[in-house]
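The opening position of the sequence shown corresponds to residue 26 in my numbering, with each subsequent residue numbered one higher.
Hints should not be assumed to be uniformly reliable.
[Said to hold, decoys possible] Derived pair list, reagent style DSBU-like, types lysine-lysine, alpha-carbon separation capped at 30 Å:
#  : residue 1 : residue 2
1  : K681      : K248
2  : K505      : K342
3  : K342      : K248
4  : K505      : K282
5  : K420      : K131
6  : K505      : K613
7  : K248      : K282
8  : K420      : K342
9  : K420      : K505
10 : K681      : K613
11 : K282      : K342
12 : K282      : K681
13 : K692      : K420
14 : K248      : K66
15 : K248      : K420
16 : K824      : K248
17 : K692      : K681
[Said to hold, decoys possible] Ranges between beta-carbon positions, derived for each pair:
#  : residue 1 : residue 2 : range
18 : P725      : T967      : 47 to 55 Å
19 : P725      : P231      : 40 to 48 Å
20 : V845      : A740      : 30 to 38 Å
21 : V311      : A1021     : 32 to 40 Å
22 : P374      : A547      : 34 to 42 Å
23 : D356      : R305      : 20 to 28 Å
24 : S447      : V989      : 33 to 41 Å
25 : R305      : S530      : 47 to 55 Å
26 : A1021     : G542      : 44 to 52 Å
27 : G376      : P231      : 54 to 62 Å
28 : V371      : E198      : 32 to 40 Å
29 : A577      : P374      : 47 to 55 Å
30 : E198      : T967      : 29 to 37 Å
Read the hints as simulated data drawn from the structure, not as lab findings. In this text the structure is predicted, and so the values were computed from the model without any measurement. Backbone N, C-alpha and C define an ideal beta-carbon position, used for all residues, glycine too.
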Amino acid sequence: MPSEVHRRTFLQLLALAGAGSLALPALAEADTGFPLVSRGKAATIVVSDGDLPGVRRVVGDLAADIERVTGVRPAVSGVVPAGGPVVRVGTLGHSPLVDDLVAAGKLDVTGIAGRWETSLSQVVDGQLVLTGSDQRGVIYGVYEVSRRIGVSPWYWWADVPPRRQSELHLPRERFSLGTPHVKYRGFFINDENPALGTWAPACFGPGRAPGFPNGFNHLFFAKVFETMLRLRANYLWPAVWGRAFAEDDPLNHATAKEYGIVMGTSHEAPMMRGIEEWNRHAVPAVRDAAGTITTPGHDPYGGTGEWSFRRNGEAIKAYWADGIRRMVREDFEGVVTLGMRGNGDVGLPDGDGIELMREIIATERDILARETGRDLSTVPQVWTLYKEVQRYWAKGLRPPDDVIVVFTDDNWGNIRKMPDRSLPPHPGGYGLYYHFDYVGGGRNYKWVDTALLANTWEQLHQASAYGNDRLWVANVGDMKGNELPLQFFLDYAWDPAALPVERLSTWERSFAAENFGAALAAEIAGVLHDYGRLQSRRKPELLNRRITVDAAGTITYDDQMTPFSLVNYRELDRVTDEWRDLAARAAKIGTRVPAGYRDAFYELVGYEVEASANLYALRRAEFTNLLYAAQGRASANGLAAVTEARFADDLALAEKYNTGIAGGKWKGFQTQPHIDYGDVARYGPNAPWQQPELNNVALPDVIFPAVRRLDLPAAASPGIAVDGSPDAWPGAAGRPALPEFSPYQSAPPQYIDVFNRGRTPFRCTVSSGAPWVQVEPRGGRVTEELRMTVRIDWARAPKGTTTVPITVTGAGTSVTVDAVVRNPVLPPRGFVEAGGYVSMEAEHCTANVGAAAVSWRRIPDLGRTGAGMTPFPVTAASQAPGAGPRLEYRMTLFTPGPVTVWAYLSPRSNVLQGDGLRYAVSFDDAAPQTVNITTATGADDTTMNRQWERTTSDNVNLTSTRHVVEAAGQHVLKFWMVDPAVIVQKLVVDTGGLRASYLGPPESMRWPW
């Protein structure tokens, strides 16, 4: 027997491999391995007729997978044949095929028997035995064989072809996938209209409930269940919007049982009943302000039809009891949701009193005990602290000890609360509800995958470190489109120790290798990695919203403006060009992808990259058009045409997805609007957050805001615009000035645009007030516009600050532009001030000074423009300001006096038990200034106020401190840990010249200290 060390090593390797985190284990050589298929013959698969239903079913999938790979389909039998290779598949305690081997001492199940979902594979007497501690343990082991022979979990949902081979020989070594870290692991199909809601009934047929053809039937869910098990998930919240799992097909629960899936219901659907089961059959009474019924309602239980425990309690109780009776009668495995929320994902209409919720939970448990006849400690139950429900927890309400308490994120990937480690652990354990899809304020995001794996990793790591290990569920929207983050979520839930942050890139490469082969895996993984990094800056649905905050703290939304600056740091151009370059990389790879993999490549890589890059190009053309139209530029009209061309490309990419791949299999799926958000005039007051829709039916996109076209005069009419300003001259007040020049600037070169406001071309010339201020080109013919770049010959520029006039003349018009040139006398050291600021990526600290076994750790790509730095371990105790670990940034400042330090932080919620997350900042030897991020921003993830919408939409907490720098020269900025869970992305010292932008200015030059 292999040593325990060997077993654990192989177990860890296989767990990683099956999770897509390493290359899958190689198949064995023909002379050493077990012959699954050899010389055109397949091993016989044997399963007992008395085994559990999920095991009896999965052997059919294994046989089909072997045929997909080799073209040879194995025989499946209930009896071991007299000769030839055999694969025995069976559950410990339920199959004589394996129990007899255990009894004979031939199969050692030490460390397997009695565990949860634990598999074992071993060759015994020349036969391959696939067994497990329970039904799903066996199923996971069987599907692991499928993955090893070359069948991706996404073979159906993403059309990944199997890796064709004629010979399949498996290693003979004993191995196990181990026991999962998180007991219940799964996802929530949600927000499924229009994409999944359009496609699924057309593909699988309508729902079986009379009058509700858009329901999802058991044929659909069978495909979901199979993929879940291939990914080693076990738990599902089924779709809820207009759908009722139990009613839409009487076979749905039976199919879940057949596959071995644990069923649940979402946070708003207690007692194993989806809220739509109530809505379809109840009409709520209408009451006046005094509470008197003015229009009677009804429900199947003789009540008022109201979803109210106070006003319609007896009917509600009867409704809940029916749900538990059904669970008992149909004998499916489930986790029962407790608590109660309002109808429609809102708070209770009865108020949020703690005694009311205590009564509701007690009533539900009474029903549960009565209807099941079981000890409640043996009935899995969950209370999910979603949105307003967390208030009950904050007020001290605790459920009974056997109930799983599920903490949640804020809908945007930031966990809201962690267990209080100073208190005894809750016996029922803790869980996590996390989002890769969302409908609500400040705006839906449901079009394409927008998850950043580094962010997901950091939050899942934190959850695991705080003991959240009983139940994890992710909202994945339509499921399709979120394949990568869903698989990562489930892989991490299975074994967090196998996925430290250093292995993120390895996991990405393995995901690509499993789905596209090893040859292109590194390149495809690189594209997916950069896609997640760029996408995490801002949800694509929010590319037409700019959020501003005035001095009084008032937050304003402009849903007809880009969040990226059109005039400062060339920000919109730079981010759009990054997307363009990524799309070009993906397209180049796509030409080399083998023909059989091209549908899968488009579904998993090509569409989301190309369509997102196209959307950025559309937005750049659109918002540049609006700016140029306001300036009167003739070129605005061409940009209107470019915008319309990019919109046509958006439609064409979706049409290719719907009809041009996989033989039209996904027709109707790519129908999610993502451009027309905010169009109140078209679809009403919900437009700022809700997808374009009328009467709950999604509308096709239109370009919003609409582009403008100018009616240009015939005569030439010169105009001037300059870097850093939206204004144009002649016409604007004052004299134009370029952003300050510095020999140490990292910002793009300053420019002057000369443009035509008419149809007749003209010639322009430019003259500089100093020979060392150089303009290229120095003039020329202007049909629509001419951009002139201004540079400084620093070898000839005088020290100090000089203002040099640049005069542009054309068609009888002359405009003088000031160039402010600052050539400092002090030598540079460290980060160097230029343009009135110092900008530093947090990861580029000069020193990382730990304290008391706590230090700052780099999490790659966690910032919008770089890595994030956060204290480790994540469970570290809070530190006194100035006593904990610190990051130091050495810099040269040329501007003494008051400065503002802006901290760009990940928008984390206050997961601790205090009043907010804190950090501290100091310069040199000054006392640290402490900032409470939670109170400084005012963001409240329970009320989901505008401050919260701002931080989550912008994906940053932006806070500041004021300091006084007594003298120009070298200084050290210190960023101190006070609380864990703070993630600093970027620091900017504003000495008076910082210009508005979304991502902050480019990082400053850094010179040796």
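Verification of the hints:
no., hint, verdict
1, K681 - K248, "holds (23 Å)"
2, K505 - K342, "violated (36 Å)"
3, K342 - K248, "violated (34 Å)"
4, K505 - K282, "holds (23 Å)"
5, K420 - K131, "violated (57 Å)"
6, K505 - K613, "holds (24 Å)"
7, K248 - K282, "holds (14 Å)"
8, K420 - K342, "holds (26 Å)"
9, K420 - K505, "violated (39 Å)"
10, K681 - K613, "holds (18 Å)"
11, K282 - K342, "holds (26 Å)"
12, K282 - K681, "violated (37 Å)"
13, K692 - K420, "violated (49 Å)"
14, K248 - K66, "holds (29 Å)"
15, K248 - K420, "violated (42 Å)"
16, K824 - K248, "violated (72 Å)"
17, K692 - K681, "holds (9 Å)"
18, P725 - T967: 47 to 55 Å, "violated (36 Å)"
19, P725 - P231: 40 to 48 Å, "violated (23 Å)"
20, V845 - A740: 30 to 38 Å, "holds (34 Å)"
21, V311 - A1021: 32 to 40 Å, "violated (49 Å)"
22, P374 - A547: 34 to 42 Å, "violated (55 Å)"
23, D356 - R305: 20 to 28 Å, "holds (25 Å)"
24, S447 - V989: 33 to 41 Å, "holds (39 Å)"
25, R305 - S530: 47 to 55 Å, "holds (48 Å)"
26, A1021 - G542: 44 to 52 Å, "holds (46 Å)"
27, G376 - P231: 54 to 62 Å, "violated (40 Å)"
28, V371 - E198: 32 to 40 Å, "violated (55 Å)"
29, A577 - P374: 47 to 55 Å, "violated (35 Å)"
30, E198 - T967: 29 to 37 Å, "violated (52 Å)"
Checked against the numbered hints above, the structure violates hints 2, 3, 5, 9, 12, 13, 15, 16, 18, 19, 21, 22, 27, 28, 29, 30; every other hint is satisfied.
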